[in-house]
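Undergrad: Based on the hints, put chains P and U in the right spot on chain X.
Residue numbers (the numbering used here), protein chains in the order written: chain X, 2 to 379; chain P, 517 to 876; chain U, 458 to 840.
Errors might be hidden in some of the hints.
Straight-line distance between alpha carbons at most 25 Å, and here's what the computed DSS-like set of lysine-lysine pairs gives [stated by the list, open to error]: (1) P:Lys728 to P:Lys630; (2) P:Lys520 to P:Lys756; (3) X:Lys35 to X:Lys306; (4) X:Lys264 to P:Lys827; (5) P:Lys821 to X:Lys35; (6) U:Lys650 to P:Lys541; (7) X:Lys306 to P:Lys820; (8) P:Lys666 to U:Lys477; (9) U:Lys469 to P:Lys666; (10) U:Lys470 to P:Lys666; (11) P:Lys756 to P:Lys728; (12) X:Lys145 to X:Lys191; (13) X:Lys129 to X:Lys191; (14) U:Lys731 to P:Lys681; (15) U:Lys480 to P:Lys666; (16) X:Lys305 to P:Lys820; (17) P:Lys643 to P:Lys520; (18) X:Lys93 to X:Lys35; (19) X:Lys155 to X:Lys129; (20) X:Lys79 to X:Lys35; (21) P:Lys677 to U:Lys731; (22) X:Lys305 to X:Lys327; (23) P:Lys820 to X:Lys368; (24) X:Lys264 to X:Lys191; (25) P:Lys557 to P:Lys630; (26) P:Lys821 to X:Lys305; (27) X:Lys35 to P:Lys820; (28) U:Lys650 to P:Lys640; (29) P:Lys798 to X:Lys327; (30) P:Lys820 to X:Lys264; (31) P:Lys728 to P:Lys640; (32) X:Lys191 to X:Lys174; (33) U:Lys731 to P:Lys576; (34) P:Lys637 to P:Lys677; (35) P:Lys528 to U:Lys731; (36) P:Lys600 to P:Lys520; (37) P:Lys576 to U:Lys650; (38) P:Lys681 to P:Lys693.
Simulated from the structure, these hints should not be mistaken for lab results.
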Amino acid sequence: MKAENLVNVEDLILRFYTYEGIVEALDGVNLHIKPNEVLGVVGETGCGKSVTSLSIMGIVMPPGRIEGGRIVLNLDRKKVDILKLNEDGLRKIRGKDISMVFQEPRAYLNPVFTVFDQISEVLIEHRKHEFINRALQTLKSQQKQSFVTRLYIKIYKIWDKNPNSKIVGFLSKIPILRRLQNPRKRELRKEVVSILRRLRSADAERVADSYPHELSGGMAQRVVIAMALACNPRLLICDEPTTNLDVTVQAQILELIRDLRAKFQSAILYITHDLGVIAELCERVAVMYAGNVVELAPVIDIFKKPLHPYTQGLLESIPRPGQPFKSIPGTVPSLINPPKGCRFNERCSYAMDICYKVKPKFIEVEKDHFVACHLYRG
Amino acid sequence: MREKILYIKRLKKYYPVLGGVFRRKIAEVKAVDDVTIDIYKGECFGVVGESGCGKTTLAKTTIRLLDPTEGHIYFGVSEEIVNKISKLEQAIASEKGVETSRSLMSELWELYRKYDIATFKGSKLLKLRREMQIVYQDPTTSLNPRMLVKDIVGEPLLIHKVVEKREIPGRVLEMLKKVGLGEQHLYRYPHEFSGGQRQRIAIARALILQPKFVVLDEPTSAVDVSVRAQLLELFQELQKDMNLTYMFITHDLNVVECISNRVAVMYLGKIVELAETENIFKEPLHPYTQALTESAPVPDPTRKKLRAPLKGEVPSPINPPRGCRFHPRCRLASEICRVQEPLLTDIGNGHFVACHMITK
Amino acid sequence: MFSLKEKVQKWKKAHEPSIKELKFILYRIRKSPLSLLGTFIIVFYIIIAVCAPILAPPNPDWDILKIRNPFIIPDSSNEIDPKPPSPTHPFGITVEGYDIYYGCVWGTITAFRVGVMVIAFALIIGILVGITSGYYGGLVDEILMRFTDIIICFPGLILAMALVVALPPTLTVQALAIVLPVTVVVALITLAKILRGIREITQIILLTITIALIIVSTSMWFNIIPNINVLSIPLTRLDKVLIALVLVGWPGYARVIRGEVLRARSEDYVEAAKAIGASDLRIITRHIIPNTIYPILILASLDIGSVVLTAAALSFLGIGAEPNYADWGQLVQKCEPYMLGADIVRYWYIWLIPGAFIFTFGLGWNLLGDAVRDILDPTLRRR
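Just chain X, same shape as in the assembly:
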């Protein structure tokens, strides 16, 4: 894998230890995300696309355990192996360098806090210094400096030197002295409202003061995207964010994501099972089946020249008016006792003897077009 890639996932192995047996959820996943690109991941339920993204974020919960492979994140000058980081290191990355948008937005917004509170929480966590600084500048630039303002300036100067200062932090939490946070709050509010405006939400001020249950699905998803992009992450992972939304709202969100990409320069890992959305949004596509990436190619190649039989089957099963329905025979195999060799062998019309014995390697068959299939072994 080339070094310029933003994220390199190599041979990732993930197992779930359950009562019924060991679920081989990921069986050597290979993936790479280039900076600033939109990579789509498409696959059916149980293929492992969600757990792959969770592994990149480092939030795999027991009974799941990562048992092999590497995930390397290339940040400017540093290379970070996510699997080797401890919780502190992961926390520094999450939200700042990698952030995630989930399927049901209202499930991931705290129902007792307003939108403003939640977005500013993200901002404070990762851009603390910036807002203290900004508050300080605003205070200094005020023409009439009352006694209170001068007092604030003194305090904020201390805070500016040391954003993690415990004294100021403690003082600002005492009920009467909460007002110490006001200048910073004002700056945060300006930022939150401008983010919401950029997200095309009507009446940004009102949305900022709303609670999550007062928002519609599309609006809530926009808020979650705002929170995810608040700190300008390098990688934005979207796990089926528009599946629950109406088709017209979905079109709006996709338009939004496209526009934001230009402004924010983030790479996007977009997980979905909707091939239409993949065609609309993505530049490259990874197709997953039963815990493996079976094909990875630019979007045009995937649709016009699919190489892996599963990809071909998937494209053929899209219903077309006037034509009989075609589907892939059989069902997804159980991952507790997965078939030997290529996991697609039972359902593949091109299966050969070797497909039942040896697992195909993930190799570059054409330029930038990777397949894991014995039909293309050199």
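TA: Relative to chain X, chains P and U alone:
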């Protein structure tokens, strides 16, 4: 002329919103607002729309899972009787004298009691359940998690006593085989199956009484793409095999284009366009239908959209906009649209549109 | 028709999923040490209860002629003061000369009896009320729940005490006592059905029955029809405790199951059952009960321990079991004078041993209840 199996006339379903100290009705959610549809025997009638448009409420009210607020539904009634009823209604509306009116009224009410399923209660309603059935969207929640498959599918037979008790297992197995499952699935619980298989169990349960009319409420939305094609194929087979009429509810335009004969597009409780499937997709006339068809992502990377066709969000059905309900988001909106509600008009070729700008 | 082997195979296949569930439950019990402990404690007590006649024979001479109520503790000494443990009396002798060992062994049976019977009856009443209230809703729900609220408002122990004192020594069930509740229940059901707006033959029949019952009840009340004594049951003091605890305990279950029924009522499969034409009764018994009863069972198993504690408290206060009855709480009843100051250490066996029995019994049920909850909670499963 093809035979019609279902007549829905001016159906309304309103939900009261209670509020205030005394929990009085302060507003109404007009989930279904004056819908009239005729469905032919043996067709697949598609209903599309986005969340809040009332399509699920329409389906459930049609099969009397919900009680209509107003309106009439005639199921399995001949066209003459339906015409007779509507002539009576017109006569009463234009009648001046009270005497003749009263006798006509009582005649009309007799007919309603006999044929209008909106008035059915008790055992009449129970008999109706054998003819009209429903398949739900989410097979995980629509199957009792603590019942075995054989009991789930056999329950309708037990309730309606159509066969001897000892014949029930045989019938159940027969039905399971028809939907693509087998004997090994009888003694299992729903959670042991995949989404597609669960949906098949739900289909078996709905069809075991051999109904004539089946409502399919987004049956393919909760399953994967490859399973979707299998289920659609199954629906078509079963329709041919068992002479069924479908009302297919969905928000997925691709699916409805492939499986239905006619399509109705709903917005905020009203039908805005109704036509043969081919016509509606070849030439959508209503601005909302156009926005829907343009918004749907196409699995072809060479045809990318630049702008979302429709701005804004669906307004709440409690307080729909005055006049044409779509006018705040419509690119063709003009003065008349803000004031007057457009009627669903026939513009020929079985194509109906409710829009002032189009029907001019 | 089928041979025995075939029949067994058929039964096995039909119950295959239940057998799998059972195996999973046993696996989970094995995994959690606390639930194992709870299980062992309860099994231990069950063994004691079953072997009571052997462990503490009521009839030391095994003389059939001297048959006596095994639950009365035999008088072992003529002195009032308690005596410490000795080879003949392993746990010592309590005040007024009653053998503690005998009392504890037979007290186990009493404890199970109290715990299981109270919970069983409270469950039955609570479930009936809760399901009716939750499923039918509306006015019926309001009436039943307000009635439940009234009972909950009373402090449990105090209400139990009052009931124990107020209940008569013989329960004479007059005909009215049976006819009146039946009338109320039928009236409520008729009310529920009528409010739903279905007018049919069934409703007319129900209405007629209700009116007939009301006429019969009123005339019995005013003695137009003689109010005969249908039953006369003598109540021991312990029976009164049981009845009081049942009456105090059922509202909790009614509330919980009403909540569960409200949740289950809005599930898709209930609506699907309506769509295939299932009657209310069928929906309640086949669809709602199996899916709502588990939280109650968990509560019930936790409650058995606390019921026994409450019964012991009542016995200690003197309004529980009769004197000399084999009941753990009763054993501690007369001990007050011997628990002051230094005596409490000197006469440790009169309060520590029965107390340990009460404590471990309650602990065992609590652990078992926790284990049951952990096993049945679907979100914690499959780990």
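Undergrad: Is X:Lys35 within 25 Å of X:Lys306, Cα to Cα?
TA: Measuring from Cα to Cα gives roughly 22 Å; hence the hint holds.
Undergrad: Are the Cα atoms of X:Lys305 and P:Lys820 separated by 25 Å or less?
TA: OK: X:Lys305 and P:Lys820 at ~15 Å, within 25 Å.
Undergrad: When you check the alpha-carbon spacing of P:Lys728 and P:Lys630, does it fall within 25 Å?
TA: The hint holds at about 19 Å.
Undergrad: Is P:Lys681 within 25 Å of P:Lys693, Cα to Cα?
TA: It holds: about 20 Å lies between the C-alpha atoms, which stays within 25 Å.
Undergrad: Does X:Lys327 sit within 25 Å of P:Lys798, going by the straight-line distance between their CA atoms?
TA: holds, 23 Å
Undergrad: What's the verdict on U:Lys650 and P:Lys541, does the C-alpha distance respect the 25 Å limit or exceed it?
TA: holds, 24 Å
Undergrad: Quickly compare the C-alpha distance for P:Lys643 and P:Lys520 to 25 Å and report which way the hint goes.
TA: OK: P:Lys643 and P:Lys520 at ~20 Å, within 25 Å.
Undergrad: Below or equal to 25 Å on CA atoms is what counts here, so check X:Lys264 against X:Lys191.
TA: holds, 18 Å
Undergrad: Check whether the Cα positions of P:Lys520 and P:Lys756 lie no farther apart than 25 Å.
TA: holds, 17 Å
Undergrad: Is U:Lys650 close enough to P:Lys640, meaning Cα to Cα at most 25 Å?
TA: Holds - the C-alpha atoms of P:Lys640 and U:Lys650 are around 17 Å apart, at most 25 Å.
Undergrad: Between X:Lys305 and X:Lys327, is the straight-line Cα distance small enough, at 25 Å or below?
TA: Holds, at roughly 18 Å.
Undergrad: Holds or violated: are the alpha carbons of P:Lys728 and P:Lys640 at most 25 Å from each other?
TA: OK: P:Lys728 and P:Lys640 at ~16 Å, within 25 Å.
Of the numbered hints given earlier, the model fails none.
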